[in-house]
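Asks: Residues per chain are reported as follows:
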Amino acid sequence: MSIVSTETDNGTAVSTERAVGSDRTRRMGRRVLERINPALRLQQLLLFGALLLIWEAVVRVGWLNPFWSSQPTRIAGRLWELVGTGAVIPHLWATLSATFMGFAIGLVSGVIAGALLGYFRRLADLFEPLVMGLYSLPRVALAPLLILYFGIGLSSKVALAVTLAFFLVLLNTQAGVRGADINLKNAAKTMGASEFFIVRRVVMPAAIPWIITGAQNALIFSLTAVVVGEMLVSTVGLGHLVTRASATYDTTSVFALLAIMGFVAVVLNNVLLIIERRAQRYSPGARR
Amino acid sequence: MTTNAIAAPSVREEDEAGLWVESVSVTFGQGSRQTRALSETSLAVRPGEIVCLIGPSGCGKSTVLNVISGLINEYEGQVHVGGKPLSLPNRRIGYMFQQDALFPWLTVTENIIMPMKVAGVPRAERQERTKELIGTVQLDGFERHYPHQLSGGMRKRVQLARLLAQDPAYLLLDEPFGALDAQTRLIMQKEFLDIWARRGKPGSLFVTHDLVEAIEMGDRILVFSRRPGRIRAEYHVDLPRSRTVTSMMGSHEYETLFASLWADLEEEARLSMAASPGGDES
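Protein chains in written order, with the numbering used here: chain Z, 1 to 288; chain E, 1 to 282.
Keep in mind that the hints were calculated from the coordinates and are not lab data. Just so you know, not all the hints are guaranteed correct.
To be verified - Pulled from the structure, derived: some chain E residues nowhere near chain Z, Cβ distances all over 10 Å:
| # | residue |
| --- | --- |
| 1 | Ala17 |
| 2 | Ser25 |
| 3 | Gly31 |
| 4 | Arg46 |
| 5 | His80 |
| 6 | Glu175 |
| 7 | His209 |
| 8 | Pro228 |
| 9 | Glu234 |
| 10 | Ser272 |
Said to hold, decoys possible - The list that follows gives simulated cross-link-like pairs (lysine-lysine, DSSO-like), each with its CA atoms no further than 30 Å apart:
| # | chain 1 | residue 1 | chain 2 | residue 2 |
| --- | --- | --- | --- | --- |
| 11 | E | Lys201 | Z | Lys185 |
| 12 | Z | Lys185 | E | Lys84 |
| 13 | Z | Lys185 | E | Lys190 |
| 14 | Z | Lys185 | E | Lys131 |
Idealized CB from N, CA, C, for every residue including glycine.
One chain only, chain E, in its complex shape (with noise of 0.2 Å):
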């Protein structure tokens, strides 16, 4: 197992396939109330990993997948995807939020049609996908209710099989279990990295502040400095893959990982809170 922290990846190598983040800077705000949330940001995701980020509150984060996603338009640096520039409208780049986003006026069903229809996919496919992804995230007689009429973890599912409708080469994830309770939390991670295996193994950049989530999820671990937000340090998780919270503990490679991983954050975590009082997420 390599544990090796280096300063910041070095982007462009000779593989173009991937999701490249080059030298991103953005500030928000104007004049004196000008706050720069993320500082010559670097970082690649390429296909069949999952990059996590992992860093204080209010560093910028979210920044990162705001700006890929296209949400975020003023920024300094580049973004790449498949070797050409990032251009905006992209349906090929899934998005997950932290907060309850499906449209409480429509049906799971509705729902998860919603991204199919926004590319034109006609009407008999939009319906055979859709009761395919009901079938992966097992929500099967569940289509026609409304999300306030389910748990949290089920309405997590509907947004899982919505993504999924956008048949996305990259997924964004920002703290998607976030707001779950811890059980139905570890429940949602096993399911999607099994969701995600049978799906092609999209590249995905997995923002958490879950230490224990990170190492499970992520084939890389990206730390990020506390505002403006740089990579402090890059980590490799060479544990064998159908990690579990059970499977990982007492093993000696998870508990360095851990403490490393730990030790940086701590840190910039600490020094965010001097910085800061009360931070806020950006």
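Isolated chain Z, as found in the complex (with noise of 0.2 Å):
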């Protein structure tokens, strides 16, 4: 009598368990859904329209001088200007050009000393002053010294990025490298896994969430670098054009290019969103 009951027991928490499982699934679908969820859209919107209304006016009807303030349908006409007549193409291409090679040579070596000093803990322990002491330093301090090094072309810019993003990715990585969880390195030890494999297949692993959370910060900030590094010396960019707009109290152009830079800013960010949700689909919301 005992063994049938275990059995049907058995059979039972079986199929229990498959409830659960798909009972999760769902809940994971329903997650997706409220992400995007309409009437929130529709509110944010109409916020943002009110917002301009104000703003247009309160020019209108000669509270602000439009000199200083520009407004609303000026910037719009601007705008269209720039990007109908394709006048801010080269421009948006030297600064996205710029700030992708700063991105990517800050993710690349950030990775690799991020890795580096989680992984060797003396390693850490002798560049932590260095790294830190370099890491806090404002480091768009830095632009006038990387003109003079690098000119004031594209390669100026690039190394400012790169400045920012390296230690962006260099701290995160560290963090996740170090953070992997001891069992699990334990589990591929005792499976008779090499040190090297460990480090491929189970610390790396467990560091991605850190390194994309790393690489979000570093990609917003090579742009910041990047628009910086034009304002200062240059002759083509987005940074540059914003200089050249003030410089000729230009008010609407200025805001026309902050829309666009704001715009772009917008883009890069989703899209990396979207890389950290398809990176962590194992584990939906593990680390935001």
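Combine the two chains into a complex, taking the hints into account.
Replies: Shown next, in the form of structure tokens:
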């Protein structure tokens, strides 16, 4: 009798376990839907539209001088000139290519350095004051020096972006590598895995959520660094256009350029969010 | 039935086969903060038997497993496997942890394949053996699920399959079902014994703090003393195999064994609690 009941218990337990699995999957599906809540998205758009309307109204009534504040209708017109005629394209390209190059170099070197410092404790202890010192330094202050070394062209902007991206990726990678679950490393060890195998198959995959977080910050900071570099000395780029426009008191163009840069930043951020979600499909919301 | 308690088993008998731990001592820390976790412990696991280790928390039960598996390298004494000194890494010794040690970024299939990748098993054979193992632990249909999508019991099954994928001659099990709820634990114990028997009964060292589990699983039960751990007593379990909680209940042998085990364990646990409030598991 006892054996029979155990067997039945066994059967039911298996089926409840299955139910748990599929329920989880269903809940995950619902969460993805919640992220694109259309009602909320509409409210967000309405708020943005309302702010633009107030801006326009305040200028039209005469409470603000459009010489300083410009106004949405003029900015829209300028945006159309810049984008519609394609005048902004070479500048956008210059800014984006410098951003991506700086980001890519910072990402690769940051992952390598971060993995080494995360893995070799003594190396991390040795480099810690240097890394933290350089990380704390306001790196845009390096721009004049970098322009001196790399000239006024693309490479000085890339270099400035690297100084920001590198440390962000390094510190995140280091934290991820160091924080890799000891149980997982031990599990691989008891399978007879070599140290190299453990690093490649256990430690680095465990650090990927951290690396992605570092990369997200690094990309936005690369864009910032490139724009700052272009504002200092350049003949091309969105930052260069902003400086030129403000030098001629052309606030309408400045606002139009800000809108373009904001749009670029939002697109870049969303691309990285999609990558993050894909990379973390194995555990939704494990690290945000 | 013989429940004769021996002070310590005499190691190195005539048979060379098996897993032998001889006078192993382990000390953690340095200087004034030294803790002796194990003291001159000797035990043997022969092919085909399950030896259960019970003892108070923090008595060094897990330390024994960590020495055998190579997770602890610094110890005094000797470990022999199949007549030869232990060499590391040793793929013939499989280890199942209490904690979930599944790789969260890998699917069920990929987790089970891992030890075969380590061992360099050819791809075709890997696929075939994984399929078979998934069938063995009844996880058909969950091949592409990630661990977080599975219940606690199913995750244990994946771990069991991964353990078997290593094709181990010896199993080290550290409270493998300790974290499960009571019903799932009973189910997993039975399934483990079934699979263990079907897989040629690899010699197993099973750490537990659950007396019923020890009696259900073990051919022999070793009772550990409080820290520094030594073996205080050895019991042979002569109840017929395919023991279940319900079949053992009311049996005279079971009750006598339970009472003697508990008498030993209770004394050690009380002494251990008096010695170190809030004892930690090592």
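Asks: Indicate, hint by hint, whether the structure satisfies it.
Replies: Verification of the supplied hints:
1. Ala17: holds (21 Å)
2. Ser25: The claim stands: E/Ser25 keeps its Cβ more than 10 Å from every Cβ of chain Z (closest is about 22 Å).
3. Gly31: holds (20 Å)
4. Arg46: holds (21 Å)
5. His80: holds (18 Å)
6. Glu175: The claim holds: E/Glu175 sits with its nearest Cβ about 13 Å from chain Z, beyond 10 Å.
7. His209: holds (19 Å)
8. Pro228: Holds, since 23 Å exceeds 10 Å.
9. Glu234: holds (26 Å)
10. Ser272: At about 25 Å from chain Z, E/Ser272 clears the 10 Å cut-off, so the statement holds.
11. E/Lys201 / Z/Lys185: holds (27 Å)
12. Z/Lys185 / E/Lys84: holds (27 Å)
13. Z/Lys185 / E/Lys190: holds (29 Å)
14. Z/Lys185 / E/Lys131: holds (25 Å)
The structure is consistent with each of the numbered hints, conforming to all of them.
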